[in-house]
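Engineer: What follows is the residue order along each chain.
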Amino acid sequence: MNAPAIELKGVTKSFGATEIIRGVDLAVQRGERHAVIGPNGAGKSTLFHLISARITVSAGDIRLNGESVVGLAPHQISRRGLSRSFQITNVFPRLSAFDNLRCSLLWRGGHGHSFWRRLAGLDSVNERASEVIEDIGLAARAAVPAGMLSYAEQRALEIGMTVAAGAEVILLDEPTAGMSRSETGAAIDLIRKLSDGRTLLMVEHDMDVVFGLADRISVLVRGAVIATGTPEEIRANPAVQEAYLGKAHA
Amino acid sequence: MHATTQSRHWIWIAVAAGMLLLPLGLGSDFALSVCTKIFIAIVFALSYNLLLGQGGMLSFGHAVYSGLGGYFAIHALAAIGAGSLSFPVTLLPLIGGLAGLAFGLLFGYVSTGRAGTPFAMISLGLGELVAASVLMLPAFFGGEAGVAANRVTGSGLFGIDYGSQREVYYLVAAWTLACAALMYWLTHTPFGRMANAVRDNAERVGFIGYSTHLLRYQVLVVSATFAGVAGGLAAINNEIVSVEAVGAHASGAVLLMVFIGGAGHFLGPVIGAVVVTLLQTVVSSYTHAWLFYFGLLFLVMVLFAPGGFASLLATLLPTLCSRRQLRLLAPGYLIGLGGLALLLLATVIGVEAGYHIAGHGMGATFRLFGRSFDSGALPALAVAAAALLGGILIWRYALDRTADARAVLGTQELMHGRPHAAGNAKAEHA
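These protein sequence lines are chains A and B, in that order. Position one of the first sequence corresponds to residue 1 (this note's numbering), numbered consecutively onward. Position one of the second sequence corresponds to residue 1 (this note's numbering), numbered consecutively onward.
In isolation and in its complexed conformation, chain B is listed as follows (with noise of 0.2 Å):
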């Protein structure tokens, strides 16, 4: 128990000492921008799971939430800067955060009353009525220019000021950090395994002393604060917040990045905005086609990988643990993960090449990898196919070679005694 609880101290201490040092290996302005960009979609999609993970209710409009903290961070971040309010800048996101609280204690009241469907559809409903408003009215939102804000007002903390994108990125990195720690301890909490009991079972907890509306109403409303955090740390980063914040399209974001990473463990939701925000700033300065990649990976895993990267992850864990095991199946995952680099070279070629004859036609010169097709796209097409046939093959022999290796590894357990899986009981609920 107390081992447990010591390692995952340390895990916390070298994620803060990670954070830390990042930015030392990391060259550019750019690079330094992608990450605090990554640390605000963290926070936003870790609240988000609260809802969906943890809580069981399916939101089409969490943006709302996240959005609405950060237009009253920015009205705040300029009234700082023009001087009729005095409020530190590092403290900006708690503005955004109790905006989320408010409007949560509002909307989360009518929403939770059910969750599944009429759960999903108030939320989109809010999400659409909201990004309505915020066109309506300009006064306060700024239409569809939005509202903007200099940072640099000369009243952080400590005499930071906020010009420098490290700096940012460091106040960015310590609220990401405190609010991924509160909310992991709020799954620790009676509340937070009480909300895990309404997502499996509504009925029930009625008839163990709890009201269900009022326990997904806590949720919604503690979620929706995290949100409206995050979306003041974007407002900051950012210097405008603009309707596209509270839409449906943020909204979407954050649903799909729960799911590639994995609504059921507490690190999906990291995997999975570390992996879309790659997607929207590094992916998307490559190609224009990244929103197809986007939506492809997406299918393939809700398809092949339904509980997303982090359960893909707890299922490879103790082989990656186990040396014997590892001995037996590595050989099958590698040619495998080999297999995979084809189809996804197969995937570009095709889609880029797709992509550019759809814009200029068979002939035109195709450049792909630095490489120039002179005679246009279809040799890369050729390429492509090739690379997928290459693809499917090793792919079939891999699974082939590790159901093989799951045979041996099933057939020497059951020889030797199985090592104990059930572990301690007591040892698990530490």
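Chain A with its partners taken away, still in its complex shape (with noise of 0.2 Å):
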């Protein structure tokens, strides 16, 4: 099977008159670190959306593994093996951190919704949200109630969350938006250990963070994807410059 893991043709989503993705066609292939950035408003987050049917696609086709995924609900392509984080932090706030994994884990783990064996009894779910809290550096604080994290904590849990259940195809919306240079730091090497031997979608401000972890890179400028490559493609192409590295590297 050659097809890629994340093919776009065409994509386009208009809100009433206003088209904010113009028709984007993108190819991820599987394996790759891929990265979309674009200058604010470019429509990132609304095509993370688009893929992972937060929103429904006004044209076009998305496919996944080279199936089409238009019209199904979120937890559907997430039972195809999709899993995406947020840029705004999306936890359960009452669980504890270890629940916020523990759950994450449950329907790929078979336990979809199992009524008749307690949660402490599941080893392998526990042993694996034991696992990726200590990945994400959480495991003193796996009991503290994840909306009493801080907020770089929350972004880590985040991102434990979105990787724990070993989904083939992983989306990450702005895995380190407000963290520190040293948690950024942290994050990139977490990002680049969990997504190891899988497909990873990402949107990125941070060039370093992109620059450091991507294979290739597709920009994205109001609505449209204006050029794809590898990072010294991108990095030598006028347009790209013109368009956005211009403002950031001048």
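Wrong hints could be hidden among the right ones.
Simulated restraints, written as ranges between beta carbons of each label pair [unchecked claim]:
1. A/ASP61 to B/HIS9: 53 to 59 Å
2. B/LEU21 to A/MET148: 39 to 45 Å
3. B/SER28 to A/ARG117: 43 to 49 Å
4. A/MET148 to B/SER133: 43 to 49 Å
Bear in mind the hints are in silico, worked out from the structure with no lab data behind them. None of the values given here were measured: they were computed from a predicted structure. Note that beta-carbon positions come from the ideal geometry of N, C-alpha and C, so glycine has one too.
Hints are included, so try docking the two chains, each in its own frame, into the full complex.
Structural biologist: Following this line, the structure appears as structure tokens:
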């Protein structure tokens, strides 16, 4: 099977008369780390919402591993192996950090709606959640309700919840937004480790993160992809320099 | 991990033993009947809290499921009595539960599509719809009078015929314990945790592979089933089911129970069921103004203890368990309790006197706490005013004193190092 992990063909989204996404074509190969960059308001988060079915497309096709997922509900897409994080932290605030991770593991662990087994007795779920909570550095905070964690801790939890269950395709929406320099460094290492061997599509503003992590980069400007290529190609692309990097690297 | 599991087992055994021995300590049939009502209310309130506390769904029509469960149970009981159905009365609540399940499946699919206000409004509408239908279909629901049946049919298990209140008490107690244990179990399963997840953040649930509609639907069906069991128990206890059983009043009462007790803790609804049922049965036999006290209690709880009695207890528990904290805080707490008692006294005198004046005029003899005021209720009002003033002063003094004691405690903790509050994460999750 050589179908790309994610493939967008002519994806369009309009709110009323306003076209937010204007015919985006994008292919992310399996095992690739792909970053989407672009100025504020370019539609990067909207693109993620379309792929994960948080909002529905107006036109065009989205394929996950070669199969169209247009019209499916978020949970159906999740069950097909796509997991995403959110730019604005989106955890379960009254559940403990540990339980946030366990909940993210239940469906793929095959424990769906089980009401005949105790959560504490699900060894594989508990072991995996313990591993992930070590990885994201929250082991000492496992019992704290997620809503009481600091911002950076919630961001780490958000990443942990997204990757915990081992989805093959991972979408990270600005995973390092609002983090300090040192926190960003730790987050990059974490993302590199946890996304190893999987397909990663991420939106990111921090150019160090983008050029440090991504195999390929797509540049989204006003709802359209103006360039796709390796970090070197993107750096050298005059249109990109003008539209986006020109401001950042002036 | 094993220690906590073990101690939980002991709590359940202790509760069972308490339920078993309680009738020996209760002299009258009235007390026994109040306890029976409390147990039924506990099952109903716990089932409601599966929806509200666990699943985050505020329902204004939960009595639909208990009431319809009650109607089906009472018809079954009548059929058993008439000899047309062979079924042990002991298991009659199962029929109530099945009816709750069936109507949960029917109504829940519509109402659980969305949470929040739409769910609340649909539950309100369904409640009105069912209450109206009950009156429109007298052939099955018996109209205003309701449906009555005799529980002494001679077909209980083990030769128990439920002729005495004590036998009914034990039947209800056994069902209550079983239902509470099952509902407690649910809160520790993947299903229970996902119900919490959909309560906390429904949107995110979709992105970890779950259908929010299906999850809410399941929570509602389970909740309706237990509500139906409560309805079946009430049918056995009262030997009659009428339109009030499905009405907005019953739905409101269970909502208030859970709010007053606290939706955030498993025990909250239990406390609420005890308090509200005591108000409904015991206090109402002493004063006509009991609904006023009920409303006042609800207001006070919502304003000053929005987490209910359970969260009050949860805040107090660490203090009660620590000798050092207790030594510092106990005086303030006790004085505060005294102040509260005075305020309560002022309220009771004020309300009773007001009620008396409204009913009989200024001059009529007023009786309260076995004393009579021949010159009318005004002197009593003066006492109430004095108690109010004294209560407020004492309460404020207690607040100051507690704040001082907490400051001392805080300093001590800073100087000696805080005891490890976070605890072992793994133990917390056992």
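Engineer: Confirm or reject each hint.
Structural biologist: Consistency of the hints with the structure:
1. A/ASP61 to B/HIS9: 53 to 59 Å: Holds: the Cβ-Cβ distance is about 56 Å, inside 53 to 59 Å.
2. B/LEU21 to A/MET148: 39 to 45 Å: holds (42 Å)
3. B/SER28 to A/ARG117: 43 to 49 Å: Since the Cβ atoms of B/SER28 and A/ARG117 sit about 45 Å apart, the hinted range of 43 to 49 Å holds.
4. A/MET148 to B/SER133: 43 to 49 Å: About 46 Å separates the Cβ atoms of A/MET148 and B/SER133, which means 43 to 49 Å holds.
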